[in-house]
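Asks: Work out the full structure, taking the sequences as your base and the hints as a guide.
Line by line, the protein sequences give chains A and B.
Take the first sequence: its letters are residues 49 to 428, numbered as in my numbering.
Take the second sequence: its letters are residues 4 to 183, numbered as in my numbering.
Just so you know, the hints here were simulated from the structure itself, not pulled from any lab data.
Certain hints may be false.
Claimed, not checked - Here's a subset of chain A near chain B, in silico, CB distances under 7 Å, partners left out: (1) 102; (2) 271; (3) 272; (4) 285; (5) 291; (6) 361; (7) 374; (8) 385; (9) 387; (10) 398.
Owing to the predicted nature of the structure, the values given are computational and were not obtained by experimental measurement.
Glycine included, C-beta positions come from ideal geometry on N, C-alpha and C.
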Amino acid sequence: MRPENYRPVSHPPSHEYELYFGPNHPGIEGNYAIRVRLKGDEVQEAIADGGYLHRGFEKIMEERLWIQNVALVPRICVPDPVPMEECYSRAVEQLGGLEVPARAQWIRVMMLEMSRICAHLFTFGGNAATIGFYTNMFWGVSMRDLFLDLFEEITGARIYHMYITPGGVRRDLPEGLLDRLAALLDDLESRLPDFEDLFFSNTVVINRATGTGTISAEEALAWGVTGPNLRASGLPFDVRRDDPYLVYPELEFEVPTMKDGDALARMMVRKAEVLESIKILRQVIARLPHIEGPVRCPLPNPLAWNIPAGDTFARVESSKGELGFFVVSTGGAKPWRVHVRGPSQMHAVQVLERLLARGRLEDIAQIMFSLDACPPEVDR
Amino acid sequence: MTVETGTPATIVDTIQHEIPGIKVTKQGERRLRIDVARDSLPALLELLKGRLGFIHLSAISCVDWPETDEFELVYHVWSYERKTLASAHITIPRNPGRFVSVYDIHTPAGFYERDIHEMFGVVFVGAPNLRPFILTSWGGPPPMLKSFNTREYVNQTYEWVDYQPDWLKDVEAKGGGVEK
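Replies: Written as structure tokens, this is what we have:
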């Protein structure tokens, strides 16, 4: 809580009290806060308090050239930056009528799915930590690190790759990368049973997460829940399948769902999605060597690059749900307006407030992590 | 809830039949652009949600157009059944920026209206919560307005400090440096 937002209050005699949960708290994702009113350990009301990571991206992007924004967009979501690059680039491609070469499309899918696995491994760790299982967190984060090594090899950067650009990708893959990716996928797959034993089939975890933060299918639709959180409530909707982009229609993958809509179901959906992402990546590894050609379409001088006037709404399925970029051009060298619709704008505010109000103090961290909310996406 | 099935052509027909004077343009395979008078927007969203299955409010975007002194509000709704995104565009006068809240039709509107209120100053009548969320310690004008110049604000508010650490001097001695 910022000092200027702190209001000391004198309470009338009551069993209720207020608790400032975050922004520095191990049970909070990123820098975010929740003001909770409690009665004993029962939450009466929860008010989300964001803005700690607000960097004014949408405003800054209006001041930057179309190509310069490639360096800004991945920073909007730290754990899953690649969908941001993809979504922005595709919006520019739609406005500018750019055709992405086939090889670049396959490379982009590879990057997106690697990023999805990283984000889910990160979330497993966070989820586990909220129930007191730190080993799982170390395993998840160390596994993710091996993917970051590959990202570094491909793009030169571990987190903010700035690799997907309008018209394709920045450069082709290094020699032998696909073999190393295949080996890493085998390694990950061989370790998943350990995750299963330690965490997913652990009675303590199952008892703790069952029935915590339950969202019914009707509520999920009404509250604008998307992504794995929506699928955990039994609704098989996925932007990759429903509003396909890149080469996803050519790939075989399932859209895993669960019925219960609670914290456990949300974890299980993500676990199943890691397996689906591995499946997709193996298809990419098999197909990519046979797809020749450039990795980027010819672009004009990026310093004098005007995008035709118009507006477009590009969507991507990120690891957290539906990500959208509404981009408006007036025909100039810079965007007139970029609006970022992050899935966490629903999950971390209205949905979180509603779920917490039904929960208990000890569930707050677990509910937040099970929604996989990403505060920088809310603050932008 | 019953949903009429059919090709996007029937969506266009239904909308145009129910709300005269509306302009519906098909943009790509799964995109519809709808230009509608602002007074008809709530009715349009009700129609799209209740009869055509556009139940998911994906986002509300606001665009500032100082030349015409207008705000453009764009309501993006997605239909899971029809796999189509309809973007309804309206314009509202800029001064004062006021429009009716659609929270009672789409719950997610609560967040987007609050955000637009904070960043553009538009007041949504009937919105459940327009309290500051991100800019709680901000006393200036709504910062996403085109009239708000970030550089000017920084120059007026802060003092520039000459930054000359030793490492930078070394870099400059080799011909590099920080762009001024």
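Asks: Next, verify each hint and record whether it holds.
Replies: Quick rundown of the hints versus the structure:
no. : hint : verdict
1   : 102  : holds (5 Å)
2   : 271  : holds (6 Å)
3   : 272  : holds (3 Å)
4   : 285  : holds (5 Å)
5   : 291  : holds (6 Å)
6   : 361  : holds (6 Å)
7   : 374  : holds (4 Å)
8   : 385  : holds (5 Å)
9   : 387  : holds (4 Å)
10  : 398  : holds (6 Å)
Of the hints listed earlier, there is not a single one the structure fails to meet.
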